[in-house]
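Engineer: Chain by chain, the residues:
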Amino acid sequence: MLAQLGRRAVAGAAVVVGVVTLTFFLVQVAPGDPVERLLGPSATPAQLAAGRRALGLDRPVATQYVIWLGRVARGDWGRSIATGRPARDVLADALPATVTLVGLSLVLSYMLGLALGAWQAGADSRVDTAVSITTVTLFALPGYWLGLMLVMAFTYWAHWLPAFGAAGLDADALTGWSRYADRLRHLALPLATLTLIGVGGVARYARGAVRDVRSQPFVRTARAKGLSAWQVTRRHVARNALIPIVTLVGLSLPALFSGAVFVEAVFAWPGVGRRLVEAVQARDYPVVMAATTVTAVLVVTANLLTDLGVAWIDPRIRHGSRVT
Amino acid sequence: MRRLLRDRRAAFGAGVLAVVACAAVAAPLVSSGHPAAQHDVVATRFLPPLATDHAGGFHALGTDRFGRDVWTRLVYGARISLAVGALAVLLSIAIGVVVGAVAGYWPGPVRTLLLGLTDFVLALPRVVLLLLLAALARPSALLVIAVLGLTGWMAIARLVHGEVRSLATRPFVEAAVALGLPGVRVLVRHILPHALTPVIVSAALGLGNAIMLEAGLSFLGLGVQPPAPSWGNMIASGRDTLVNAPWVATAPGIALVLVVVACTLLGDALQDALDPA
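So the protein sequences, as listed, match chains A and B. For what it's worth, the numbering used here labels the leading residue of the first sequence as 1, then goes sequentially. For what it's worth, the numbering used here labels the leading residue of the second sequence as 1, then goes sequentially.
Fair warning: there could be bad hints in the mix.
Some chain A residues judged to face chain B by a derived CB distance under 10 Å, without partners named [as the list claims (entries may be wrong)]:
#1 V27
#2 L146
#3 V151
#4 L196
To give an idea of the interface, some chain A residues facing chain B are shown, with a C-beta separation under 7 Å as derived from the structure [as the list claims (entries may be wrong)]:
#5 V16
#6 V17
#7 W68
Read the hints as simulated data drawn from the structure, not as lab findings. Just so it is clear, CB atoms sit at the ideal spot from N, CA and C, and this is done for glycine as well.
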């Protein structure tokens, strides 16, 4: 088990290095020059050349890569070309916002989705169909569009919730409860957007998993030996249905981060996704690299944790026998 | 096949896709004029749905801020969305089938290498990659197809690999090999036709996904560029006018959701029909 985990960790590290390397070269060969954007259209060729030299952009890409790796190893992520702030600070400011949003929506999606899917799997066929139609539709909603629709309904029509940012303009003047309330009100719409879509996916999957397990012979046996419905569900159905569902958590995290990129763009949520989109558009190499690295590390870590979770639930995997 | 025909999900999915595809193909017939046509901007902008403008033009879904007919843009946008989605999925299938088949049929370092590559690309954060690749060159529909195709083949490669590997040990394949047929011929003529059924399911689900991602990229301004209409850039352009002209962003979004739901239901129904367990 430990050896297996070690192998996965090494593979994960390889993925991170691969993503970072690939990104570095992709951004470098992309047309568009950060210096041109920084100095504006009136800059002379000499000024542009001086700017490139100052940022080290005139060297061969491979050399730049080695220099960059060396700096990162020492904890120096470089400075944002666009704003001059250290890229590490830019990311350190953005990360909590993304983790809050993605983390909360993951928890909510799974709680609501599992409950809905499990209930649906046991409901009669008319309810089942109705819920299925709902979850398929939720799952098909593009986050940026659902976000806009929620803004239209709750901000423009109902005037209940703010549409943009993570805190109001007067947030610094607020204290105590009103400060938290302000945060929550700003969180509501982006969180609802990501969660609604997540619930659709999780419920669809949970319904399938629960149905599969219910049709297994061991569930019939458990019923036949006189266990109550609750005991059958808890001891036999839930535990077995959890295996594919925990795997899904790992698989859905990258999707959730992807979704967060669009949702952050719509709601001007100050997270990693929004910084990444801005940095890509501005060819802000250091910030692009830092944001990509952080995303890759988060996704790979999540996958590792998922493997651990599955092994913890399923003794067959924990003890090394293959499950087919 | 009979199972599929009886399945209401399949009927709905195929029906919606057929209607949208027909509307896209027949766009000039079912709409009024050019999708980027602007007449008298001041007089025709932000007309609500079902309005008739001063020149007698009827706008079933209203007009946007330049007085362009939303319905016309929607059906022309369907051309782009469907074509980009379908071509991206075809590209994914082509890459996935080749990689999966080669990895499944020839053991040894080639298999290890290809499977390693598949796992690696599968672990890459797709949207980050999409953003970067889309920023690589001038945004265009072709680029979006390439980007979506190049980041969407891994699941298909894995499916085909598994199928090919299990089929390769079957007696009819051994018979073909014993007859002295070359490896490529055995693979293409005898194995692949049996390995492609799961690919169809994957294609249906992938189509919905590709259409959604195309719209997403265009929404962020990294895909199809205005004035060419794409559902994604239509939503983006309606974003600023949510208050006074909500129909501009609502209509393409509903179309998008309908098509993605149709693909998902069709994929589910195909899955059940092909795998009746």
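Engineer: When the structure is checked against the list of hints, which entries are broken? Sort them ascending.
Structural biologist: Those not satisfied are hints 4, 5, 6 and 7.
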